[in-house]
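2 protein chains.
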Amino acid sequence: MKQELEEQQDFVKEVTKMSDDFDRWYTEVVRKAEMADWSGVRGMMVVRPYGWAMWEAIMRAFDDMIKESGHENWAFPLLIPREFLMKEAEHIEGFAPEVAWVTKAGGRMEELEDPLAIRPTSETIIGAIIRRYIQSYRDLPKLTNQWNSVVRWEMRSRLFLRSREFWWQEGHTFHASAKEAIEEADLILRYYRSIAEDWLAVPVLAGKKSPAETFPGAVHTLTIEGLMRDGLALQMRTSHYFGQNFANAYDISFSNRENERELCHSTSWGMSTRLVGAVVMGHGDDSGLIVPPKVAPIQVAVVPIFRDDAGRSKVEAFIDGWAPQLKAAGIRFRVDWRDERPGDKYAHWELKGVPLRLNVGGRDADAGQVEMVDRLTREKVAVPVAGIAARLSAELEGFQKKLFERALKFQRDNTFELETLDEVIAHYREKGGFVWASWCGDTDEEARIKTESGGVTIRVIDEETKPSGKCLVCGEPAKFRVALAKAY
Amino acid sequence: MKQELEEQQDFVKEVTKMSDDFDRWYTEVVRKAEMADWSGVRGMMVVRPYGWAMWEAIMRAFDDMIKESGHENWAFPLLIPREFLMKEAEHIEGFAPEVAWVTKAGGRMEELEDPLAIRPTSETIIGAIIRRYIQSYRDLPKLTNQWNSVVRWEMRSRLFLRSREFWWQEGHTFHASAKEAIEEADLILRYYRSIAEDWLAVPVLAGKKSPAETFPGAVHTLTIEGLMRDGLALQMRTSHYFGQNFANAYDISFSNRENERELCHSTSWGMSTRLVGAVVMGHGDDSGLIVPPKVAPIQVAVVPIFRDDAGRSKVEAFIDGWAPQLKAAGIRFRVDWRDERPGDKYAHWELKGVPLRLNVGGRDADAGQVEMVDRLTREKVAVPVAGIAARLSAELEGFQKKLFERALKFQRDNTFELETLDEVIAHYREKGGFVWASWCGDTDEEARIKTESGGVTIRVIDEETKPSGKCLVCGEPAKFRVALAKAY
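Chains as they are written, first to last, in this note's numbering: chain A, 1 to 488; chain B, 1 to 488.
The reader is advised that the hints may include incorrect statements.
Which copy? The list can't say, so a pair holds if one copy fits it or any two copies do.
What the hints assert, rightly or not - Derived lysine-lysine pairs resembling DSS-like cross-links, with alpha carbons at most 25 Å apart: (1) Lys104 - Lys87; (2) Lys409 - Lys208; (3) Lys67 - Lys327; (4) Lys17 - Lys466; (5) Lys179 - Lys380; (6) Lys179 - Lys479; (7) Lys450 - Lys470; (8) Lys208 - Lys466; (9) Lys402 - Lys380; (10) Lys479 - Lys409; (11) Lys409 - Lys104; (12) Lys87 - Lys486; (13) Lys486 - Lys179.
Don't read these hints as lab results, they were simulated from the structure.
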């Protein structure tokens, strides 16, 4: 019990080093930086304000993007009747093992006539509902999205990456032609890429999934894959083109211009709180988190330094002189007046990954300046308080770029080209990262890669580059250029 | 089937008159204005973009308010173990009849060891979790909030007002003293009042609930009550002060400044999609909705009028000349190019309650003006396009005020003072509205009011005004001045 209380304290100075034990480092950082915890309900997490605020920044950015291109938010039911769920065979086969079922209700826990599934994803209920709103080609496209949580009865769990409940958006769109639907799935993948790279500063490989990794019921699945600092890939988002599979299962049809009935073409796409985990694993270091300024709940931490009440008053008056300028400039900052030693506060804000820290003592006040410390480079520079808001805004912008460049360099340094399965197997005995190789497209051979390498999978098919040479497994002429990796 | 398809068409011109059948009018307006529908899952609704966008505007406004005063958003689990739920006796007694239970999971629908409740509200799980994050007085207050949906197995249902799933925020706060917690509940009620009056333009009575209407487990419940256009009251929001009841049940304690353990004082408060229903019932008329500009998804509808392609080109070029100014000014507008007759479009936008409509024909283009029609007064005036954005912004602001004043007049015209239960019974045989009366505070007599009047209840206790005269039931000296009404 004492152990638990200590671990839960808000003021934490140290974590396991990333280089000593990545998994332990990850869990400690997420918990001690007050992002999330296990909830006491098995496999379900509680997201704390510091983690949720990052998700809110991501939600806002993506919501703006999709609304600009005509998507609309809906709220569809949490519970799905079994009959709705069962209509698309491949889809239900994929999700049935993970469904949680509501079977009783009310004070006497009376049995329901038919059990209801908590949505593991909403294709099936949206299919059953949306058909009412589509009569003719004039009603298309229908570009729906919703923000919610879903439940999947996972057996393994990892904060933010895999839990029985997670938070996400799920987009579901319905179109008059295959071309439009394919373009929609492509557009969304570009948005996802922008969220990953421009907002989270995590560079990604983007492309198509192989058949084995395609979403149940989809014709094809697009993905973006980031590289975490332990060398494992993380599937950050997916966007699916369904062809007419769901429209056929749920009879979602429209009258075309010739007044004939046609089935719709549909897509779905989702982006989840997993992205918050990607921020942790994509940027952190031995001291803890490093948060990209664009999604940082706190961009600037101000640590006052003083010895006595008089010193405190002086520093406080000094900070009060320029802090309003930061607020006016929309900079998210926090002045840390807690009763702790400055050195401990430094470690605390480093652990939380706040991009910039300002140390402010009496002599700084006299000189009309603050000491600015960069979380990434750890450089310290004196910054005059005249024009401080503009300077900090520029520094934050620069920080965002530096963080992306650091991650891009890491990705490039850990991306390789190999030719045979033996080379791939040997590579992943020693190292992580992405390996580009050529593949003939055979699904059995895809399975062999995974089995013989101990879990390496095809993460992305690069559709823009022709494969050179032979398939890494069979040596026959290759059809696809693929990126391999071990992945979360 | 044909019937259903016709009803579901996007383009609707007519609804039942409010004055003919209020209930039917309500359901038709909600459905035909594309706000919400029943989902096909019993008792559960689907909220469509036009309804959800109003909820998004409400969420944004309230979220800004609570963040400004230091509240933080969390995400707590959807599912609650039975043991957590059962700890606060009064609370569970109040909610048990409405709980939906998850009892099975996975592909073979295996029985769970212990059933999990879908949250009907989250006091119990938050109580069980938050205690970990509270050690000393330095950790207080803890001001938590979350945006989510909850499930209550209701038997009656009405779109937005009562359904098995609804969307809301639930705030849960923990304090070091009763005084602070009571002030918190008061502060939130002021926010709720501001949402109702300043945003939704619905004037409310604010005050305390009587014991019979107090939330299960609360010491007291505060409420705001609006008057709908059929004369029935609607409880729009509630804010609860729990004293130490929940802290006691869940052992939520802290070390005070003297290093002694003390129980926290807590509050909870919630605001739901019910408010969207309040907009419909608080402002509508025979032609449909009237939406307050501040929460209107579309504030201005532009209807182009033309006879042929040349006419269309002319009007289009004219609109293209000034529409970007509207966008730049942040006015939410829609140009209706659909292939329908102008008169039908007028009716359509009236049904949807869009505050201002601009009719734009070739002669308007020649004169450099548009015809502006006010949804509330139905007045038409010519508006020059020079400076149109500033003019429309001012008109929208004026519309918001006029709408509130109209609702306030309606509320005042339908508020009465009576002295005896017989008078109250007679009153509600003929009329609706609020009746102010005096009450001795006896709970049995409160029950008698409800039984003998056919459902009239005490909506609000006015704590700021001393009661004059005698109790309406027993004739003894009164302790409370109360507002009575029939309510949703």
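The hints, checked one at a time:
Proximity of Lys104 to Lys87 under the C-alpha cut-off of 25 Å is found in both arrangements, the shortest distances being 23 Å within a copy and 21 Å between copies. Within a single copy, Lys409 and Lys208 get their C-alpha atoms as close as 24 Å, which meets the 25 Å cut-off; across copies the closest is 61 Å, which misses it. For a Cα distance limit of 25 Å, the shortest separation of Lys67 from Lys327 across copies, 14 Å, qualifies, whereas the shortest one inside one copy, 28 Å, does not. Neither within a single protomer nor between protomers do Lys17 and Lys466 lie at most 25 Å apart by alpha-carbon distance, with minima of 42 Å and 66 Å respectively.
When the C-alpha separation of Lys179 and Lys380 is checked against a cutoff of 25 Å, the pair qualifies neither within a copy, at 54 Å, nor between copies, at 45 Å. Proximity of Lys179 and Lys479 under a CA criterion of 25 Å is satisfied intra-copy only: 23 Å inside one chain copy versus 72 Å between copies. With identical chains, the CA atoms of Lys450 and Lys470 are at most 25 Å apart within one copy only, with a shortest distance of 18 Å there and 84 Å across copies. In the homo-oligomer, the alpha carbons of Lys208 and Lys466 lie at most 25 Å apart inside one protomer (14 Å), although the nearest pairing across protomers, at 72 Å, exceeds that limit.
Proximity of Lys402 and Lys380 under a CA criterion of 25 Å is satisfied intra-copy only: 16 Å inside one chain copy versus 57 Å between copies. In the homo-oligomer, the alpha carbons of Lys479 and Lys409 never lie at most 25 Å apart, since the shortest distance is 29 Å inside one protomer and 75 Å across protomers. When the C-alpha separation of Lys409 and Lys104 is checked against a cutoff of 25 Å, the pair qualifies neither within a copy, at 54 Å, nor between copies, at 47 Å. For the homomeric pair Lys87 and Lys486, neither the shortest alpha-carbon distance inside one copy (34 Å) nor that between copies (45 Å) is at most 25 Å.
Within a single copy, Lys486 and Lys179 get their C-alpha atoms no closer than 33 Å, and across copies no closer than 56 Å, so neither meets the 25 Å cut-off.
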